[in-house]
Each structure stands twice: as C-alpha cells, then as structure tokens.
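Peer 1: Build the complex from these two chains, which are given one at a time in their own frames, with help from the hints.
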Amino acid sequence: MPSWRPWAARCAASMAALLMGAVPVAVAHAADPPAHVEAVKIRVDLTDGGFNGEPGDFVLEVEQGHVVEMTFVWAHVGYVEEEHIMLLEGYKLETEKLNFQNREGTIKFIADKPGTFVFKCDLDCDVHDYLQRGYLKVKRAGSAPPPTQEGQGTGSPTGAAPSGATASGSGTAPSSGQAVPVAGPTLLPTKLSVSPSSWVTGGEPITLMAVLTDAKGKPVPKAEVRFSLDTDFAGTKGQVALGVAKTDGNGVAFLDYQPTLGARRHAIAASFEGQGLYDESQQVIQVEEVGVPPSAYTMPPIGLAGFRHWAPRALVLTIVVVWATFGFILYQALGVRWARARR
Amino acid sequence: MAATAEERLQQRVLAPVTHTSRAWYLWLGFLVLLVGAGLFAYNAQLQGGLAVTGMRDTVIWGLYISNFVFFSGVSMAGTFISAILRITGAEWRRPLTRIAELTTVSALLMCALMPLVDMGRPDRVLYLLRYGRLQSPIVWDIIAITTYLTASVIYLYLFLIPDAALLRDGLKGKVSRLRHGLYALLALGWQGLPEQRRRIERGAAIMMVLIIPIGVTVHSVVSWIFGMTYRSGWDSTIFAPYFAVGALYSGVAMLITLMFVLRRVCHLEEYLTEKHFRYLGYMLAAFGVLYLYFTFAEYLTVAYKLEGGESLLLEELLLGRYSLLVWSGFFGGQILPILVVLLPATRTLPILFVASVLVNVGMYIKRYVIVVPSLANPLMPYEWGVYTPTWVELAVTGASFGGFVLVFTLFTKLFPIISVWEMREGWERARQPAGAGLAAAPAALSPDAGGGAHA
Chain V
1 MPSWRPWAAR CAASMAALLM GAVPVAVAHA ADPPAHVEAV KIRVDLTDGG
51 FNGEPGDFVL EVEQGHVVEM TFVWAHVGYV EEEHIMLLEG YKLETEKLNF
101 QNREGTIKFI ADKPGTFVFK CDLDCDVHDY LQRGYLKVKR AGSAPPPTQE
151 GQGTGSPTGA APSGATASGS GTAPSSGQAV PVAGPTLLPT KLSVSPSSWV
201 TGGEPITLMA VLTDAKGKPV PKAEVRFSLD TDFAGTKGQV ALGVAKTDGN
251 GVAFLDYQPT LGARRHAIAA SFEGQGLYDE SQQVIQVEEV GVPPSAYTMP
301 PIGLAGFRHW APRALVLTIV VVWATFGFIL YQALGVRWAR ARR
Chain X
1 MAATAEERLQ QRVLAPVTHT SRAWYLWLGF LVLLVGAGLF AYNAQLQGGL
51 AVTGMRDTVI WGLYISNFVF FSGVSMAGTF ISAILRITGA EWRRPLTRIA
101 ELTTVSALLM CALMPLVDMG RPDRVLYLLR YGRLQSPIVW DIIAITTYLT
151 ASVIYLYLFL IPDAALLRDG LKGKVSRLRH GLYALLALGW QGLPEQRRRI
201 ERGAAIMMVL IIPIGVTVHS VVSWIFGMTY RSGWDSTIFA PYFAVGALYS
251 GVAMLITLMF VLRRVCHLEE YLTEKHFRYL GYMLAAFGVL YLYFTFAEYL
301 TVAYKLEGGE SLLLEELLLG RYSLLVWSGF FGGQILPILV VLLPATRTLP
351 ILFVASVLVN VGMYIKRYVI VVPSLANPLM PYEWGVYTPT WVELAVTGAS
401 FGGFVLVFTL FTKLFPIISV WEMREGWERA RQPAGAGLAA APAALSPDAG
451 GGAHA
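For the record, the sequence lines run as chains V and X. Going by our numbering, 17 is the number at position 17 of the first sequence; the sequence numbering is gapless. Going by our numbering, 109 is the number at position 109 of the second sequence; the sequence numbering is gapless.
Same shape as in the complex, but just chain X (with noise of 0.2 Å):
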C-alpha cells in the first residue's frame, strides 16, 4: 500500500536522525577539525594577546567585527521571515520555518562569540555588566542579542515540542536511552492535546510578533555602534533602516543557501520545492534592490558633499586600495544576483544557489568595508591605518563559519529540520471546510494539501 503523504514526510524528515551514514561522520570531522583550528588560534591570540592579529591601535576592529556584523544581520533574516510569515498567514512557509528559525539561532551564536572572541582580555567581558552604562550603544548592543538569542531559542523550542513528542514516541527502543529521555524532555508531555495546543498557540502567537520588533532593533543596535561615532563612513543618520535591510537581503540569501544544501543531502526535493526558491528569490530581488537603494543614497549624499574625511574614505572605496573589494561585492553581491533573480531565465535553482552565495560573500565584503576602512582612515592627517588579517583571525573566522553549519549538522542529526507538526496542520487546514477552527479537525486527516509539493 502506498505510503501517505504525512508518512512519507515523517521518514524522509527522519531518516537523518535514525540512520547515519560514512559521509556525515567525514562531514562533522571535517567541521570538528575546522572549528579545533579556530580554537588553536583563539588559544595562540589569548597567549600573546591581540598582538597577532592584524589589528593595531588605529584599525582595531577587523574580521571579527566584520563577522559579528555579518552573522548578526543573517540572524535577523531568519526568525524575522519566519514570523512575518506566519503572521501574514503565508501556507508555504511550513516546510521552510525551522531552518530559517535554526538560521538565526546559529548564527547568533557566532555572532555572540564574536565580540568576546575581539576582546583581548575576554575575562573582562563582566565589566560590561559591573560598569556598563545604559547610555552606551555597546551595553544595548549586548542586551539586544541576549534579548534576541532568547527569544529565537523559545521561538525555535516552541514549534519544537510537538515533534519533540513524535520523536519520543515513535524513536522508542531505537535510539539511546539519553537521547530518547531528551526527546521526552524536550516534548513536556505532549500529547496534542487541545488545551496543549491552545498554549503553544497562544505562546508562539504572541512571539511571532514580539520577535519581530526584537529582531529590528538587534541589527539597528549594531548599526548605531558604528552610527553613533564620529567616524568618516559611520556618522550616519540611515544606518539602521540601511543595515535592517542589508540584513535581510544577507538573510534571505543564507536561507536560500541552506535550503538548497538541505534539499540535496536530505532529499527533501518533495517539500522544498521550486515554488518556495522562487517566492525567496522575489524576496531577494525585493530586498536587495532596497538595499540598492539605501547604497545609492548613503553614497550620493556623501559624494555631493566630499566633507574632508569622507572624501578621503570615498576616494580609498571608490578608487583606493579598497576599490577591488568595493567594486567586486556591489557587481558580484548585488548587481548580479539580482538581476539572476530577476531574469526569468535564469531563475533556475542552481542558479539561484549561486546567486545567494553571491549574495552572501558580496555582504561579507560589504560588512568588512564598512568596518575597517573607516579606521584605517584617518582621523587626523598623520593616523594612516593599515590592516590585513593574520592566520589566526582567519582560522578564527574560519572556525565560526564552520560551527555555524556545524550547529545544523547537529541538529539535523538530532530533530526533523522540517516540522512536522505544522506540515500536518497545513494539510489539516487545507482539509476543513472554510470558518471551522483547527480544534475541531477530525483526527484523521489527509496529507494531500498544505505545504510542500501539495501547497
């Protein structure tokens, strides 16, 4: 008998947790290795101090920074699309929340380890909470990613807990004992029960709002660090609104990026079909001509007034010793893979992969410009600044990339990357007729509508 559609999802989406293969034990070495190098280096940095970068009294910010910025704007994309998603009511979202939600939770963690990973002394990180003074964009700065970081943790738990229970029961006497008893943790009981179901609803309803608030003002408070000195390149009043949208043009990109990847190793060609690469490519267009735009205007109202030391930064991005990278992230980061998206000829997934690589390198050039010219510029006529990253930021920079995915490894290892839960909703919805609420469906349900290739 021919499986159902919920059946087939459940061990397509659980086949990873229950079987595992040679390649993903090379694969998580090779992570394992990539993140111990970063953590030889980050050793070597704490034993002869931030000497051996390439930062330097005048560029003190370098790649970490330029990660911390990065990884930051790629959380914001997740969760915030995710929510914004749900909100709107969009049913083909449902195969695609959990990693965008597992996007942001990673990549905060490395942008979290990020400033922690700049200080010299990271043992004086309590000062922070000891001396810090509100008034400090620093001191905002942390409290908005400790902020996010929960929030995108019960976010991601909460949506989590009914599969967390499909785990419990239907992984029993197959997998460890440890691991079933986290299963069963992580579940709290759950037995789809409508007064369980009101609560969760009633929770993730009042997150899927406050998250979004939550997550504007993280990447706007990373902004205003730079917006908020006065600085050639950074004393900007659009900086906020102009890094929210760089962040989700960059988040969007990564999402694409990883579902892509997703799709193959997992086989999830079924769920994650054309039609959600072509709504995120919309997204992308969207975004990254918004981002276009703010560039556009950062730059033009600079270049009218060639003030002193933006005219001199200008000039270094433009013309300088910057211009390669400039040039390079603005036609490969943004020209390119926009009109890819655009160009219906080229919206092909393979492409679009492609593009939101593009993307993603082109805004990690993009965050890096934005960091260091700025200080390698001078403030004063005699204060030249040179920089150029040594072998430990860049394994350092390395090991974050690598424990970003690292963390989806795990985690694919570990839960269904897509939720089941809400694919089953999705198809329960689809099923009832129209003004009849989701408690009264019938517990029979059919598969044959909701998310995925039925959406």
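Just chain V, same shape as in the assembly (with noise of 0.2 Å):
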C-alpha cells in the first residue's frame, strides 16, 4: 500500500467522524461534569518561584468521591518564554500547552483513586525543579469531617481554602474546609466504536481507527485506547499489544497495524480504561482478511502438524539412543574389572 493511504484513510475518518456530529468542541477540561454535582475547584498559579510561589512541596488534598477542577495558570513575571504542559500522574490526566498567550488549562475528573498523585511540569523548563513537587491527595471517602460548606472556591496554600479540597505549601497546615457531593458523582459512560470491520491486505499495514463518545454522541478526546490481538502461541493463547493511540478532538485514535500472524481472522480488542469523568469501555471487533495472496512462507496444515508430531519424540528418541549407547560403553569398561574377576 502506498504510503500516503494511511494518512488518506485518516483524513477521511476525521470526516466522516465530524459529519456524523461528532464536533471537536469539547477536550478532557470542558467536558460536562455529571450535572448533579458540584465540582470542587482548586486553582494552582504556577510561579517563577513554584507552585503559587512556594518552592518547596506543594501539597492539596480531596476526598474520595469528588469530582474535581484543577485549574494551572501560567504567573510568571521573570520567565516569560516559559512553557508547561501540566501533568497529573495516576489519573493520566494533562493540560493543553500553557504559556504566555495561553495561560490557563484546567484537568476534571472524579477522583475515584484514593492516594497521593503527583502533579508536576512534563516540560523541562527552567524552573522545572520547582514545578516538580505538587502532590494532591485523595483521601478516602468518609475519612474527613462532615462536609461544612458547599461550592466553588480558589485554593492556595497562602490564600483562601477551596471547597472540598485543602492546600498546604512547604510546611503550612492545611487549610480548613471540606466538601463532600450532595450525591456521589458517577462516572460518564462511554463508547468506543472500531473500524474497518474487513481489510484486503498482502501483508501491507492497515490503520485501525477508533472513535469514543461519551453518552450523548459528544467526542472524548486525549483519551488514550489500548489496541490488542487474541493469538495463540505455542498453544498458550494470550493478547498481544498493538499500541495506544490518543484521540484527538474528534474522539478519534488511530493505530497503524502490520498483521503479520498468518491468520485470516483476526479479533482485535480496543479499550479505553477511564480517565478523567468518563468511563472505561471497550469492544472487540473480528476483523477478517480477505484477498491475501498465498503465503510463501504457509506450508501444508497436515505436513506441519506431523513434523510439529513427531520432530520433539524423534529428538528424545536419539537422546535415549545416545544416552543407552553411554550406558553400555560403561558397561564395557566395567566388564574390564568382571574380567579380572573371572580370570
């Protein structure tokens, strides 16, 4: 296949991806929380000096159970030519690029995973050193104090507290107040369609694309999909990873993939885990190969069957031979002793 298909195929995908409404309008931080809750917002400056000034650990803390609205703003004042990408480890949640022109980015998600997950700069900056020691805590549901007050806020260790959420900088006590949801968020169903459903191939690559939407048909996009292959090796069957792809506005990740297994079905699963407010979902699709030529490299089922048969007992049966064969040798050279006995 020409090289130019693949990126034809995308292209064409991407098109067919808008005109059945799937409108790149919405990325990872304006997706729509579940509409019963109320996000708790925590707002992190990022400074010259660190996190909303303070170089040392920059330490937030939510309850389990909350949805959540991290928003980073590009502050600098002395390094303006400075950029980050904002990454929050363990929810494999990012920001757009942030820098002078752009200087907001915001991550949402429920934070469903008890723990400590650390925020940082995925850039080396010039004060990346200082950006790499933000920590925000889950805590697990029901450890805090009853919810006292409801809403939104901006939190920073030296300002005011967010609802539902505490911050700390370099040795500050928290801060007072926690939130919990009136009612526990719940994570936004998805789906992942596959496609092609067939593909004529010699052996050529073929690009599998897949498309994740959210309940209403809305494109989530920055979403990383796992593509694997059912086989079978050595009679042990098992997946095989393909790759991971990230979707791009459009909800779309597309995964060049080489078959080079022989077979004419192949079942190829693609899944999405989670991320952010959304669900995990996944689908397997059986994909066939229709119109390969002739492999050379195919012998006669039967003929390699039987050498599969009989080529591990023939082996063991010269191992057995030649090891028989060791064991009469020696008992030659014993006879040398019987043969004194004798004499």
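Treat the hints as calculated values from the structure; they're not laboratory data. Please read these numbers as outputs of a predicted model, since none were measured by experiment. Virtual Cβ for every residue (Gly too), placed ideally from N, Cα, C. Take every hint as true, because none was put in to throw you off.
Between beta-carbon pairs, the in silico distance windows are: (1) ILE60/X to ARG313/V: 28 to 34 Å; (2) GLY49/V to LEU128/X: 53 to 59 Å; (3) THR237/X to VAL118/V: 48 to 54 Å.
The following residues of chain V were derived to be distant from chain X, with all beta-carbon distances above 10 Å: (4) GLU83; (5) VAL240; (6) PHE254.
A few chain X residues facing chain V, derived, Cβ under 7 Å: (7) ILE154; (8) LEU188; (9) GLY189; (10) LEU193; (11) GLN196; (12) ARG199; (13) GLY203.
Peer 2: As structure tokens, this is what we get:
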C-alpha cells in the first residue's frame, strides 16, 4: 500500500466523524461534569518560584468521590518564555501547553482513586525543579469530617482554601474547609467504536480507527485507547499488545497495524480504561483478512502439524539412544573389572 | 645400559606426576589466585545482580556468552580431531590424542559454567528442566552440552584405564595412599588381559564414531541459538557449518598452543615432534581457508542485499565502532596465521605457536563481534545499545581461562599427558608383520616404532 494511504484513511475517518456530529468542541477540561454534582475547584498558579510562589512541596487534599477541577494558571513574571504541560500522574490527565498566550489549563476528573498523586510540569523548563513537587492527596471517602460548606473556591497554600479541598505549601498546615457532594458522582459512560471490520491486504499495514464518544455522542478527546490482538503462541492463548493511541479533538484514535500472523481472521480488542470524568469502555471486533495472496511461508497444515508431532519424539528417541549407548560403553568398561574377577 | 624408548617415555611422562617443582607450586598459586579473583567477582554479581555487569536490557549478552561460544568451539575440536585421527588410523595421532581429549573436557567444563554465570538468578537453572520445552534451542543446548561432556569424559577415561593401571603398579609406595587408591579405582583391575583389551577397544570403537556427530551437534546447537533468532547478523542459514568450521579452526589452534607449552614444560620434544606441529599446521590452514570462505559467503550475501538492519550492522562492523575489532581479528586471526602456516619458511615451531595464539585471539574477537553488535544494533530505530564489560566480567573471564589451564595443570600432576598405552600399542603394531592381530603381539615389544619420533 502506498505510504499516503494511511493518512488518506485518517482524513476520511475524521471527516466521517465530523459528519456524524462529533464536533470538536469538547476537550477533557471542558467536558460536562455529572449534572447533579458540584465540582471542587482548585486553582494553582505556576510562578517563577514554584506552585503559588512556594518552592517546596505543594500538597492539595481532596476527598475521594468528588469531582475535581484543577486549573493551572501561567503566572510567570521573570520567565516569560516558559511553557508548561501540567500532568497529573495516576489519573493520566494533562493540560494543554500553557504559555504567555495560553495561560489557563484545566483538568477535570472524579477523584475515585484514593492515594497521593504527583502533579508536575511535563516539559523541561527553567523552573522545572520547582514545578515537580506538587501532590494531590485523595483521602478515602468517610475519613474526613462532615461537610461544612459546598460550592466553589480557589485554593492556594497562602490564599483562601477551596471547598472540598485543602492545600498546604512547604510546612504550612492544611487550610480548613471540606466538602463532599450531595450525591456521589458517577463516571460518564462512553462508547468505543472500532473499524474497519474487514480489510484487503497482502501483508501491507492497515490503519485501525477507534472513535470514543460519551453517551450523548460527544467525542472524548485526549483519551488513551489500547489495541490488542487475540492470539495463540505455541498452544498458549493470550493477547498481544498492538499499541496505544490517543484520541484527537474528534475523539478519534488511529493505530497502524501490520498483520504478521498469517491468519485470515483477527480478533482485535480496543479498550479505554477510563480517564477523567469518563468511564471505561471496550470493543472487540472480528476482522477478516480477505484477498490475501497465498503466503510463501505457509506449509500445508498436515505437514507442519505432522512435523510438530514427531520432531520432539524423534529428538527424545535420539537422546535416549545416545545415552543408552553411553550406558553400554560404561558396561564394557566395568567389564574390565569383571574380566579380572573371572580370571 | 641405555633405557628403551618405552622406559624413556614412562620416565618422561611420569616425571611431572612424581616430582613437584617450586615453579609448579608458583604456577598453581597464580592460577588459584586468578580463579579466586573470578569467584570474588562472581560473588559481587550474586550480591548486586547483573547490574554490576555491562549488560543491560538491550545488550543482554556480553563477555560471558562470548566465552561460552569460544570454549564450546575449542571443546569441539579436541575430541573431534582425536576421534577422526583414530578412525582413519593416523599413527602420528598417538602422542597428542590425550591432550586433545583433555582440551575438550576442560573447555567444556568452562563452557557449561558460562550460561550459569550469565544468569542473574542461577538458582533458576532448574526451571529449564522443570518448564523447558523441547522446541527451544536453549534446551537443545543444555542437552547437547551435557551429552558431549559425558561422552568426552567417557572417551578420555576409556583410554586412561591402562595408564591408571600403570600408575597403580608403578607408583605403589611412592605416592600417598589416597592417590594410589584413586589410581586403583580408575584402573578397574586392568591387567592387560585380552578380554579387557577387547572390552576397551569395543567401547572406544563405538565412542570414537558416536562422539563426532555429538561434537558437531554441540556447536551447531550453539549456532542455532543465534540463527533461530530474528536478529540482524544472526538470522542466517549457514551458521551451523560456519560455527563448526570456526570451532575446528580455533580448536586446532588451541591444541597447537597447548602442545607447544606442554612440550616445553614437560620436555616432550622426543614425542611431540615438528612433524606433529606441521600436520596440525596443515589442518589449521585447511580449516582457516574454509572459515575464510564461509566468512566471505556470509558477508557477501548480506552486503549484496543490504537489508535495513543488516545494512546498519554491517556498517557498524566494517566501518563503525566495531571495525577495529573486526579487521584486527580478520587480519590477525585469519589471514596472517594462514599465510604463516602455508609458507614453508615461516612454518617453524615458535612461529606456529605465535600463529596459533593469534588464531585464538582472533576467534575470540570473532565470537565477541557475533554476540554483542547484533544486540547493540537496533531492533527498532531508537533501541541503540551500548556495551562495555565491567571488572566483574573481566575477572570472571580471566577466571574461566585460568580454570581451563588449571584443569590441565592438575591433570598433568595426576596422569601422564601422553597416553603410554597408546604409544606402546603403536610400537607393537609397527613391529608386527602385516595382517597379524594385536592380540597376538608378543609380550616383549620393541619400542622402535609407533608415534613420536619413531613414527
């Protein structure tokens, strides 16, 4: 297949996604939260001296189960050329690139996993060291005191505490203020569609396309979709990872796949493990390879199966014969002693 | 009264057994120190894991596997040459067969150790037996090496039985009771009876035929570990014969090296004559030329196609970071020794010795550039690997060579390095009229024929 074909396929697929109504207006930080839940809003300023101007460890706390909206604000004074992409590890969320022109980036998610998660700048910038020590502590649900207020707020170690969250700079005691949602938020359901369902290839690579949408059909951008293949290796069934692709603004992810198994039918699974506000989803497709010319490497099934069957047995037989011969020779050697005894 | 040739032979080959010089102790101390240093390094590896070596996730094999391939090659040639010469009835073989067979056993011991050393968790070697599958070349390798080691020990031992009896009878009261007991145990009550000879000869006849395919199998299987892997530089159909010829080439060279040293140290000039070195030199040249042909064929097919990964690897080997090793190994280890052996003017003993050492160094380099660059060469564009052996690997490698020589040193202290029995048999055979059987040979034998200077 000519090299331009995968790109042409991608363009066509993107157009198709657009026509289906998957308008690229929603990105991760702008996705609608569950309607019945107030988000805990946290603002973090990225300054020349670290998060909110504090060079040490910067700790934020939220309670498990909240919808959290973290907004990172580019607020440099001395380093105006600085650019950052803020990453929240564990939740696999990141902002757009933040710089002088694009100062704010928000990630929104349901804090469903308890634990301490690092957030940091994922680029190597001049103030990189200062922006590597942010921690989001998600406390187990029920471990916090009863809620005292609800609503939104802006959190910083030195400023006002956010609702549902506490923050502390280096050595600073956590601010007060806890909040829990009125009702526990639930992840937004998603739907994953994978195509094509069949292809014609003579061993040429093909492009797999996955479209991830929410229940309303809106695209889910910047989401990781994992592709894997059901296979059988020497009698053991398992899955081979084909690769990971990220959805674009249309919620479309592409992966080039080179069929190498020589099988006519391929069971390919695409899975989204859940991210931010979105719940997991997966789809398995059975794709059929049609029009494949006979492979030069394919042996007649009976011959190959027969070889597999008798080759190990022949090997074992050979080994047994050789070692039995050793035994016979040692018997001859020991016969030297017996010959003396008979004399 | 002048001593007969047989008596002179016994005196000469038993001298290292009965007399221990100060130099021998010093040499032994040096070897023990070398092996001890290797053990110390290996302990560091056990404590710190394979991180103390230069091997990493990309270059997963280094010096240890190079040693493994090298010793495997050396081991193939020894018994193989001995068996071929016995089968073809080459009389000149007699003084050198034991050295050749011992070379095999000693090299195989080191060869078998190397994969264990290469394992970060040697305790998991049993997993290969518990979970290993017959379809795996690694399992083939374990089977082949174990079989060859067993066969080589049996082969060495069969021809040692009469000499053990000689030591048992000749050294009674002159050596410790423990040592005398060892000789008696190994001699199996040998008295030289026709029935005993018949049994030994029957066993030896089978072994000398059987051991040739086993020997070839060992080095073929070693090559298939590489050849059955999709890797640039390894994905080759001619690796088995290529490796086998390389093994014979380096093995003959090692035999020449050891014979030269033993000849000097044990004063065996009367038995290991220039003729033996000349004949082995011819073998060396023949195997060397054959190896050159394989090298040419291997590189030409790759260089003609210049397929992606192979092209990168070839560039690295011939022009890149391994070029110095490759070219020095090629000229120093192949071209120069072959020329030296083929030219009558340079076919002298000292030059042959130097040539044999050069071959061994060259072939070690060759094994290194087979193992490492293929791993360092990227499987994918971003997987560049770098490998530099650490002191741990160098110390263990030194210890393996020390251990190889140590086996020889201890063996010559315990047993005659030339088979007295075989030499005597040669003299007997030469004395007999054509067509007469060996069993009918007279008891009193003239030693004026057979191997050594009399051959």
